[in-house]
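There are 2 protein chains.
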Amino acid sequence: MINYPNGKKMVFEQKNAKKKNANDLTVYKNRGIDFENDINSSLEYYDDNGLAIITKRPTPINVVHVDYSRGAKITDAYFEKQSTTDYNGVYRGKYIDFEAKNTKSKTSLPLHNITSHQISHLEKVIKHGGIAFFLISLETLDKVYLLDASFVISFYKAKTRASIPVSEIITKGIEIKQGYMPRFEILKAIDEAYFHEKDI
Amino acid sequence: MINYPNGKKMVFEQKNAKKKNANDLTVYKNRGIDFENDINSSLEYYDDNGLAIITKRPTPINVVHVDYSRGAKITDAYFEKQSTTDYNGVYRGKYIDFEAKNTKSKTSLPLHNITSHQISHLEKVIKHGGIAFFLISLETLDKVYLLDASFVISFYKAKTRASIPVSEIITKGIEIKQGYMPRFEILKAIDEAYFHEKDI
Chain C
3 MINYPNGKKM
13 VFEQKNAKKK
23 NANDLTVYKN
33 RGIDFENDIN
43 SSLEYYDDNG
53 LAIITKRPTP
63 INVVHVDYSR
73 GAKITDAYFE
83 KQSTTDYNGV
93 YRGKYIDFEA
103 KNTKSKTSLP
113 LHNITSHQIS
123 HLEKVIKHGG
133 IAFFLISLET
143 LDKVYLLDAS
153 FVISFYKAKT
163 RASIPVSEII
173 TKGIEIKQGY
183 MPRFEILKAI
193 DEAYFHEKDI
Chain H
3 MINYPNGKKM
13 VFEQKNAKKK
23 NANDLTVYKN
33 RGIDFENDIN
43 SSLEYYDDNG
53 LAIITKRPTP
63 INVVHVDYSR
73 GAKITDAYFE
83 KQSTTDYNGV
93 YRGKYIDFEA
103 KNTKSKTSLP
113 LHNITSHQIS
123 HLEKVIKHGG
133 IAFFLISLET
143 LDKVYLLDAS
153 FVISFYKAKT
163 RASIPVSEII
173 TKGIEIKQGY
183 MPRFEILKAI
193 DEAYFHEKDI
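Chains C and H, in that order, are what the protein sequence lines are.
With the working numbering as the guide, the letters of the first sequence map in order to residues 3 to 202.
With the working numbering as the guide, the letters of the second sequence map in order to residues 3 to 202.
There may be inaccurate statements among the hints.
Where chains are identical, the list cannot tell them apart; a pair therefore holds if satisfied intra-copy or between any two copies.
No more than 20 Å apart at the CA atoms, straight line, and that leaves these computed lysine to aspartate or glutamate pairs for DMTMM-like [to be verified]: (1) Lys179 - Asp150; (2) Lys58 - Asp88; (3) Lys108 - Asp69; (4) Lys83 - Asp150; (5) Lys58 - Glu82; (6) Lys75 - Asp50; (7) Lys161 - Asp69; (8) Lys179 - Asp40; (9) Lys106 - Glu170; (10) Lys179 - Asp78; (11) Lys129 - Asp69.
Calculated directly from the structure, the hints in this document are not laboratory data.
Just need the whole structure built from these sequences, with the hints factored in.
Given below as structure tokens:
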């Protein structure tokens, strides 16, 4: 019955609320949250401007007990593993599905925090004609890349390395331009990666 | 800070676990849960057979406190309103988005439990080229219909009635065939409603 969290982002959010900037580790974790917040604000911008509707899936929670005497307060629950990805939606008639990953490593993105369920999910998305990718934040370089899921899937399945080298992400990925509104130019990168000039 | 539940299905599930079949109301509520379970098992069948990947969005929960001394147990949290819809995914290259509604009324589907956020979300889905509909269970008739979201949106916006007459659902909707595997022939109805014969 007890589920330990993979809902790490949420957990970190809670922790950070209490001891923000308390140590370097927390700062790193905050950056992960910043990355997520920046994605969310970018998607909100796209939504507000009628450009795409892509939303974050809520973190699944296993609710064990609800106290109805206190305004339906949940008093016993556990984070569950997300068996799919963080984000999905529709853009230019196409199904969009992606997972966001942040790394503070200067050399590679570790694969250990990508689950086999997520790889399987993204494979199915591609099979059914959807667009699937990873948004990868290379913290120390202050760069964000769109990396097609098929590349990550191949890498994951080859099992020759436990991480994707940064050099590969830069070569195979498309850099996400950063600005103010939207914070991340995600749609421009999707256009470049998945739509031909003539479609635009 | 306190969010009262619209996450009714989840709430009912909890309640039913304790007093199953205790009264007629509970039985009705159980039917709502049965409807949802039947949709979920149908989608699982489609997934397992490589036909489509459509998943249920988790109920959003506002987590106020997590007790890390007890295996990341959530001890204070509240259900939040789903601002989008229950289900989305990809089928035959198209983005699919739908909301499931169950009614025990013999005459009409009340609109009060469809939120303006959901209507707005479905409008955007259509605008961006996705397929958007409602799956409506008419409990007392033991029938399930796919009803295009644009029809529901028009009805909702006209504000001339607080509910959609069953006669309209039957006329404008496509009946979902019911069986064993899958329980609901959702994809067949999508084919009929949104794909031309030549595409199949």
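Checklist entry - Between Lys108 and Asp69, at a C-alpha cutoff of 20 Å, which is it: within one copy, between copies, both, or neither? => result For Lys108 and Asp69, the Cα distance exceeds 20 Å both inside one copy (47 Å) and across copies (34 Å).
Item to check | Copy assignment of Lys58 with Glu82, given that the CA separation must stay at most 20 Å | outcome: both (16 Å within a copy, 14 Å between copies)
Next on the checklist: At most 20 Å between CA atoms: does that hold for Lys58 and Asp88 within a copy, between copies, both, or neither?
Outcome noted: both (6 Å within a copy, 13 Å between copies)
Item to check | Homo-oligomer pair classification [Asp40, Lys179; C-alpha up to 20 Å] | outcome: So Lys179 and Asp40 pass the 20 Å test inside one copy only (12 Å; across, 44 Å).
Item to check | Copy assignment of Lys75 with Asp50, given that the CA separation must stay at most 20 Å | outcome: Neither: 32 Å inside a copy, 36 Å across copies.
Item to check | Lys179 and Asp78: within-copy, between-copy, both or neither at 20 Å Cα | outcome: neither (42 Å within a copy, 39 Å between copies)
Item to check | Intra- versus inter-subunit Cα pairing at 20 Å for Lys161 with Asp69 | outcome: neither (47 Å within a copy, 36 Å between copies)
Item to check | Lys129 and Asp69: within-copy, between-copy, both or neither at 20 Å Cα | outcome: Neither way: Lys129 and Asp69 sit 43 Å apart in one copy and 41 Å across, limit 20 Å.
Item to check | Homomeric proximity label, Lys83 with Asp150: Cα distance no greater than 20 Å | outcome: neither (23 Å within a copy, 33 Å between copies)
Next on the checklist: If the cut is 20 Å between Cα atoms, do Lys106 and Glu170 qualify within a copy, between copies, both or neither?
Outcome noted: within (16 Å within a copy, 57 Å between copies)
Checklist entry - Checking Lys179 and Asp150: alpha-carbon separation at most 20 Å within a copy, between copies, both or neither? => result Answer is within: at 17 Å inside a copy they meet the 20 Å cutoff, but 38 Å across does not.
When held up to the earlier numbered hints, the structure conflicts with 3, 4, 6, 7, 10, 11 and fits the remainder.
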